[in-house]
Amino acid sequence: MARKNGLSRLFEIAGEKQCLLFLSGLLAAISALLMLVPYLSVYVILAELLSKGVDPSAADGDLMIRWGLIAFSGLLVGMVFLYASSMASHIAAFRILYGIRVNLAQHIGKLHLGYLTKTSVGAVKKTVEQNVEKIEQFIAHQIPDLVNVAVTVVVMFLAMFRLEGWMALAGMISILAGFALQASMMMGGRAKESVKAYYDSLERINASAIQYVQGMPAVKIFGHTVHSFRRFHGDLIRYQDLVTNWTDQFQNGFVLFKTILASLLGFVLPVGVLLLSGDPQNVSLAIVVLFFVIMVPGTATPIYKLMYLSSMISDISEGVDRIDATFSQAPMHEPEKSRYPQRHNVAFDHVDFSYDTSEEGARKMALSDVSFVAEQGQITALVGPSGSGKSTTANLIPRFWDVTEGSILIGGVDVREMRSEDLMNQVSFVFQDNFLFHDTVYNNLLVGKPEATREEVIAAAKAAQCHTLIEALAKGYETLISEGGVYLSGGETQRLTVARAMLKNAPILVLDEATAFADPENEHNMQQALSELIRDKTVILIAHRLSTIRNADKIIVLDQGRIRETGTHDSLLERNGLYRRMWEIYTDTSSWSLAGSEVSQ
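Residue numbers for the sequence shown follow the numbering used here, beginning at 12 and rising by one.
Mixed in with the good hints, there may be bad ones.
[To be verified] No more than 30 Å apart at the CA atoms, straight line, and that leaves these computed lysine-lysine pairs for DSBU-like:
#: 1; residue 1: 28; residue 2: 145
#: 2; residue 1: 316; residue 2: 207
#: 3; residue 1: 121; residue 2: 460
#: 4; residue 1: 460; residue 2: 28
[As the list claims (entries may be wrong)] For each label pair, taking beta carbons as the anchor points, the in silico distance ranges come out as:
#: 5; residue 1: 116; residue 2: 169; range: 40 to 50 Å
#: 6; residue 1: 116; residue 2: 462; range: 20 to 30 Å
#: 7; residue 1: 105; residue 2: 376; range: 40 to 50 Å
#: 8; residue 1: 415; residue 2: 144; range: 31 to 41 Å
Please keep in mind that the hints were generated in silico from the structure rather than gathered at the bench.
Note that the structure is a prediction, hence the values are computed from the model and not measured.
Just so it is clear, CB atoms sit at the ideal spot from N, CA and C, and this is done for glycine as well.
Please model the complete structure; the sequences and the hints are all you need to start from.
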């Protein structure tokens, strides 16, 4: 069965909220009928006045007052029904909005990290925010309006055809000609391509704007402006050109359509005059012509709203397609029944892994035939040149990606046979580049164990040597981090991350140079915190500073995705291989200093 798209897919997404949408449409239709009552009142009053000829004082005043009150009542009750319709559509819209965003967030959380490496943050942000927001606006505002307008136009033309078919036909032909003109511009293949190009351009601007803001320190240091930040500037120029060309493409037809709508009376009135010229004494026909003069301009307003239907449908269809494109990404496979390891050693068994770079038509091999065992209660260090596969190896353990060949086992259980939540309970990570949420210090620590008591949180902070640091903040553990709060240094952030890992207390710990941002004064505290954290755990340490892994139980030397050497620090130095060369380079650079000389004035 072909997958639905556009509005049909949108209503499918609405699910059980369709009842609210139906109620909103029904109330909007009733509102439209009630708001046409004033037109009926005008017709009755005109008929009464003109039927009395040259003596308007003979007209039935009570009848006209009664129909005046009916007109006011119809308008008032119609507005109440329109308000109720809007309330129903807003409730449905916000519930749909909530459901889509939660489902999108949950789905993205189940995808491999490869999806986020191939998709810009700006594109994901735009899908979750702007595309979903447009759906909410369409459901909350446009659906009631469209039903109201459609019913208004249909009933008005039915009434006009009943009164005088030729005049109604003249008006309808002009309107249909205008809509045909609009449809040819807004719903053809060229228009769909333009909408897609517009969305693509917005995604590129989002992505480059985020990069521009994040890179602001470098932009300022090198004295650059938005004009010299080529990617952002180029995306802005392309967007400008796209929108300008789009406007040029549609402006003539759009102006012609608006001209036709504004001139409806010019198409209808000559027909009325022609009919009256054939029977000038026909008072009933005169009443009808006069009524058309009043009513036809009133049809322009609802038709103007219908004019935007095709562009809104194209816009919504493109947004729904992009949301569906995210949902179509296959989530990480989850076993029906999760297996639980009894031990916590980590074994790599002939693991191959390649990053999917299909956009370039190739796959980059990152690991090749990697086999080793990280024993429980021991420290296993991963070292090697930049790009050797250290971080990739560590990231495969919690299934940030799945291996291409081979397997990774925890206590003899393949990680693919464990459900994600069970696997994540086994592993804690302390990254080199750590992330703290825009929240309080306490809530950031609580991420490690949401059900933890305050006493447990404080105990973890003390063990991580950051309790004193936290207490010194303006509001202690309730201090807000980032925007509107405090900004922490890299070393302070890492210590909070270690506290978070301590609170989680997972049996397997992966450390990616956890003291990278610590200054000499604080490095001793960090080492104390880490020695507490790694006790009795399976520790995999990614080392950049070789001095930090001299006492590791096992050192695995990686180069170009392959294991070159394995052993302890002393045994590897004796082999005179890659590790020894790395050690000599490290010790040479450790003693290097920057010397300067005075410059004579």
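Hints and how they fare:
Between the alpha carbons of residue 28 and residue 145 the distance comes to roughly 17 Å, so the proposed pair stays at or under 30 Å and holds. Simply put, residue 316 and residue 207 have alpha-carbon atoms about 23 Å apart, close enough for the 30 Å limit, and the pair holds. Between residue 121 and residue 460 the alpha-carbon distance is near 20 Å, which keeps this suggested pair within the 30 Å criterion. Simply put, residue 460 and residue 28 have alpha-carbon atoms about 35 Å apart, too far for the 30 Å limit, and the pair is violated.
Hint check: residue 116 to residue 169, Cβ distance near 47 Å, so the stated range 40 to 50 Å holds. For the pair residue 116 and residue 462, the beta carbons lie near 21 Å from each other, so the given range of 20 to 30 Å is met. As the Cβ distance of residue 105 to residue 376 is approximately 48 Å, the hint placing it in 40 to 50 Å holds. Checked against the hint of 31 to 41 Å, the pair residue 415 and residue 144 passes, with Cβ atoms roughly 38 Å apart.
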